[in-house]
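A.B. asks: The lines below spell out each chain.
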Amino acid sequence: MDLSQVNAPIYEALRKFRRMRVVPFDVPGHKRGRGNMELTEFLGEDCMNVDVNSMKPLDNLCHPVSVIKDAEILAADAFGAAYAFFMVGGTTSAVQSMIMYACKSGDKIIMPRNVHRSAINALILTGAVPVYVDPDVNEQLGIALGMTTEQIEKAIRENPDAKAVMVNNPTYYGICSDLRRITELAHAHGMLVLVDEAHGTHFYFGENFPVTAMAAGADCASVSMHKSGGSLTQSSFLLMGKNINPDYMRQVINLTQTTSASYLLLSSLDISRKRLALSGREIFAQTVEMAEYAREEINNIGGYYAYSRELINGDSVFDFDVSKLSVFTLPIGLAGIEVYDLLRDEYDIQIEFGDLGNILAYISVGDRKRDIERLISAMAEIRRRFGKTEANMLSHEYIAPIVSEAPRKAFYADKVSVPLDEAAGKVCTEFVMCYPPGIPILAPGELITPEIIEYIKYAKEKGCQMTGTEDLELEHLNIMT
Amino acid sequence: MELWFTERHTPNVKFSIKVDRQLYSGNSEFQRIDIFESKEFGRFLTLDGYMMLTEKDEFIYHEMITHVPMAVHPDPKNILVIGAGDGGVIRELTRYNSVESIDLVEIDELVVEVSKKYLPTTACRMNDERVHIYYEDGVKFIRRCEDKYDIIIVDSTDPFGPGEGLFTKEFYGSCFKALKEDGIMVNQHESPFYDEDAAAMQRSHKRIVDSFPISRVYQAHIPTYPSGHWLFGFASKKYHPVRDHNGMKWSMLGLQTRYYNPHLHDGAFALPNYVEEMLRDVE
Chain B
1 MDLSQVNAPI YEALRKFRRM RVVPFDVPGH KRGRGNMELT EFLGEDCMNV DVNSMKPLDN
61 LCHPVSVIKD AEILAADAFG AAYAFFMVGG TTSAVQSMIM YACKSGDKII MPRNVHRSAI
121 NALILTGAVP VYVDPDVNEQ LGIALGMTTE QIEKAIRENP DAKAVMVNNP TYYGICSDLR
181 RITELAHAHG MLVLVDEAHG THFYFGENFP VTAMAAGADC ASVSMHKSGG SLTQSSFLLM
241 GKNINPDYMR QVINLTQTTS ASYLLLSSLD ISRKRLALSG REIFAQTVEM AEYAREEINN
301 IGGYYAYSRE LINGDSVFDF DVSKLSVFTL PIGLAGIEVY DLLRDEYDIQ IEFGDLGNIL
361 AYISVGDRKR DIERLISAMA EIRRRFGKTE ANMLSHEYIA PIVSEAPRKA FYADKVSVPL
421 DEAAGKVCTE FVMCYPPGIP ILAPGELITP EIIEYIKYAK EKGCQMTGTE DLELEHLNIM
481 T
Chain V
1001 MELWFTERHT PNVKFSIKVD RQLYSGNSEF QRIDIFESKE FGRFLTLDGY MMLTEKDEFI
1061 YHEMITHVPM AVHPDPKNIL VIGAGDGGVI RELTRYNSVE SIDLVEIDEL VVEVSKKYLP
1121 TTACRMNDER VHIYYEDGVK FIRRCEDKYD IIIVDSTDPF GPGEGLFTKE FYGSCFKALK
1181 EDGIMVNQHE SPFYDEDAAA MQRSHKRIVD SFPISRVYQA HIPTYPSGHW LFGFASKKYH
1241 PVRDHNGMKW SMLGLQTRYY NPHLHDGAFA LPNYVEEMLR DVE
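As you go down the protein sequences, you meet chains B and V in turn. Numbering-wise (my numbering), the first sequence opens with residue 1 and increments by one. Numbering-wise (my numbering), the second sequence opens with residue 1001 and increments by one.
Simulated from the structure, these hints should not be mistaken for laboratory data. One should not assume that every hint holds.
[Stated by the list, open to error] Think about it this way: if two alpha-carbon atoms lie no more than 25 Å apart in a straight line, the pair counts; the simulated DMTMM-like pairs of lysine to aspartate or glutamate are:
(1) B:388 to V:1146
(2) V:1177 to B:338
(3) B:227 to B:348
(4) V:1177 to B:390
(5) V:1206 to B:348
(6) B:108 to B:41
(7) B:369 to V:1037
(8) V:1206 to B:341
(9) B:369 to V:1146
(10) V:1237 to B:346
(11) V:1177 to B:371
(12) V:1177 to B:341
(13) V:1177 to B:345
(14) B:369 to V:1055
(15) V:1177 to B:346
(16) V:1180 to B:346
(17) B:369 to V:1283
Since we're looking at a predicted model, the values are computed, not measured.
Sequences are here, hints too, so could you generate the full structure?
C.D. replies: Shown next as structure tokens:
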């Protein structure tokens, strides 16, 4: 059968399946919702009806041969990839799979330290050893930028045996590295290029966005379709270039991915891919228009700095994603996390995240003009009611780590829990993160410094949600004995 | 043939008016606009199917939302009206010679056009030279104003749809900032009677209380609004709506009104116990 982007094979198969009224003597045990009416009333009958298991007419994600395979071919085509896999364990599982594909135990991988925890988790799982490249930092905003090509070149020269280079592109804040150049450098030295493109789905479908991983010639990209792409939370794509063996990749994915993939997630990926392929240009043009409007109005309030392409410096900020609405808040005397909390507690507005110096409001085609007006007005009011003079504000989101041990070795090492204040000078065996964005302050194997302890205390005091440690209150840290 | 306009006041209560004929129906960027002609209520305007005004009872709403603040403020010159595209508030305001400037901010230009054409009873003074009309979102307009107005009248639709933003804390805070140091804001405050309206009323009351030092509520009877029992909010930086009310001075102006009078002004702030209780719960 001839398929094109107007098709959504999984979705179409589910609709057909629903009409067949097949009698279920298989899992799930809720049997089209009849066995759990409270849940059915909550989620809706239509939803429960398609919460079904793999079967011949619906294919099987672990071993796709029919509709899932077709849907994957269409997705690959839409993203300009050689192959694409549907992922139901979030972009976390996509990131982990590409690292586990590239690296075995003891293999080196070059990556920026400001990666998402999922990448470092993969190092614990595989035993791969990170070669961290410190990202460039914008001193004013306190945010980590991309990696400079000079730093990458140096890391590659010093570690010619590394198997892969991982790039975080764009960052949560919208910063892009020179993906084409990094890819050339890595390929020239026989290394794979893996891109965490969680925040870059829209690059593939909109106009005038930074270059995509696939267009830049990267080997793998993990794309959070559920972020800017409109699919259900936890659904994602893993994209691959022509140098990747997709059948081996599938085996790698199947090491950790569920054998009961949710058809709600799969169909949401399928439908969303179709939607973006057909109308992504208009959708993202509208998104950018709203983000640009909000940025201009926020900059007119005074104090706040909603940044954009003016940060571009040709290297560590090679490009900027203008659909992101990132705002520097310190000039009004409030930490990003404080503005984030005020927006929710005082104005019933939930934004994506606030860190020490910045907030990020996620803009999408689902937003309404009047809601954008509310956000801007609420920010103006926060400045009027709560603004202070800027003093004693920590801004640095990024502290370059001192790596003492490989993550896997530290994670599995003999350890002991000590009070935070007594942890300086020791090697940490766990993660410490503010969530969101989920970028580690400490990762297993890193040295705990007084500066890091001060940062953790400050972030806690400002109300950041700290995650990753065994001690949920983060009063103790696990250290290597 | 019988043609009826019906609005659901709750999922279990309907309110219907027999319609003689439909004079207009159209969609703007923001909402559906309809004008009907009826025997009982004369012409009436609905937005997205919700009753906005009828020729028979609009005077109650427009007099009460306008004359109450005008009788409390000693010298109101600069007035901002948000919403009110039907012109009813403007009609009442333009009766005061002392008013120098009226800024009208209406998000939907089509409401004004349709009102001018089909609702001459309310839209009759839109061309007064003191009136300046701005077609934009009130939330946006007010953000830029500071220490500018003596009175702000928020003649909003309901707390859902295009008027949603006019019930938010950021909006009330912006109004506070836009008012002079002795300014007054009056707003359409929903009804205390049916559960959902009452919840919206409490929510907006809480937000106003958080934003203004003086915040009182007054009532009127508006037959075509859900339950007929309607509230207005009176929020102020300095003046108390009853203690600082000079009924004599207002009477001297000699304005003819059909609902409002100085006695009723004071009485309107005396609320039923159940309403007082709802307000206290959020104060």
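A.B. asks: Now, for every hint given, state plainly whether the structure supports it.
C.D. replies: Taking the hints in turn, this is what the structure says about them:
At most 25 Å may separate the alpha-carbon atoms for a hinted pair to count; residue 388 of chain B and residue 1146 of chain V meet this at roughly 19 Å. Distance hint between residue 1177 of chain V and residue 338 of chain B is fulfilled; the C-alpha atoms sit about 22 Å from each other, no more than 25 Å. With a CA separation close to 21 Å, the supplied pair residue 227 of chain B and residue 348 of chain B stays within the 25 Å bound. Distance restraint check for residue 1177 of chain V and residue 390 of chain B: the Cα-Cα separation of roughly 23 Å lies within the 25 Å cut-off, and the hinted pair is therefore satisfied.
Between the alpha carbons of residue 1206 of chain V and residue 348 of chain B the distance comes to roughly 13 Å, so the proposed pair stays at or under 25 Å and holds. For a cut-off of 25 Å, the pair hint linking residue 108 of chain B to residue 41 of chain B is broken: about 51 Å separates their Cα positions. Taking the CA atoms of residue 369 of chain B and residue 1037 of chain V, the gap is near 34 Å; set against the 25 Å cutoff, the hint is violated. A threshold of 25 Å between alpha carbons decides the hint, and for residue 1206 of chain V with residue 341 of chain B the separation of about 19 Å falls inside it, so the pair holds.
Under the criterion of a C-alpha separation no larger than 25 Å, the hint pairing residue 369 of chain B with residue 1146 of chain V is consistent with the structure, at around 23 Å. Taking the CA atoms of residue 1237 of chain V and residue 346 of chain B, the gap is near 21 Å; set against the 25 Å cutoff, the hint holds. For the suggested pair residue 1177 of chain V and residue 371 of chain B, the alpha carbons sit about 20 Å apart, so the restraint of at most 25 Å is met. In summary, the hint linking residue 1177 of chain V to residue 341 of chain B is supported, as the alpha carbons are separated by about 22 Å, within the 25 Å threshold.
Pair hint residue 1177 of chain V plus residue 345 of chain B holds up; C-alpha atoms about 21 Å apart against a cutoff of 25 Å. Taking the CA atoms of residue 369 of chain B and residue 1055 of chain V, the gap is about 33 Å. The hint is violated against a cut of 25 Å. For the given pair, residue 1177 of chain V sits about 17 Å from residue 346 of chain B by alpha-carbon distance, which is consistent with the 25 Å threshold. Taking the CA atoms of residue 1180 of chain V and residue 346 of chain B, the gap is about 24 Å. The hint holds against a cut of 25 Å.
Restraint check for residue 369 of chain B and residue 1283 of chain V: not satisfied, since their Cα atoms lie roughly 31 Å apart, outside the 25 Å limit.
Going down the numbered hints, you'll see the structure goes against 6, 7, 14, 17, while the others check out.
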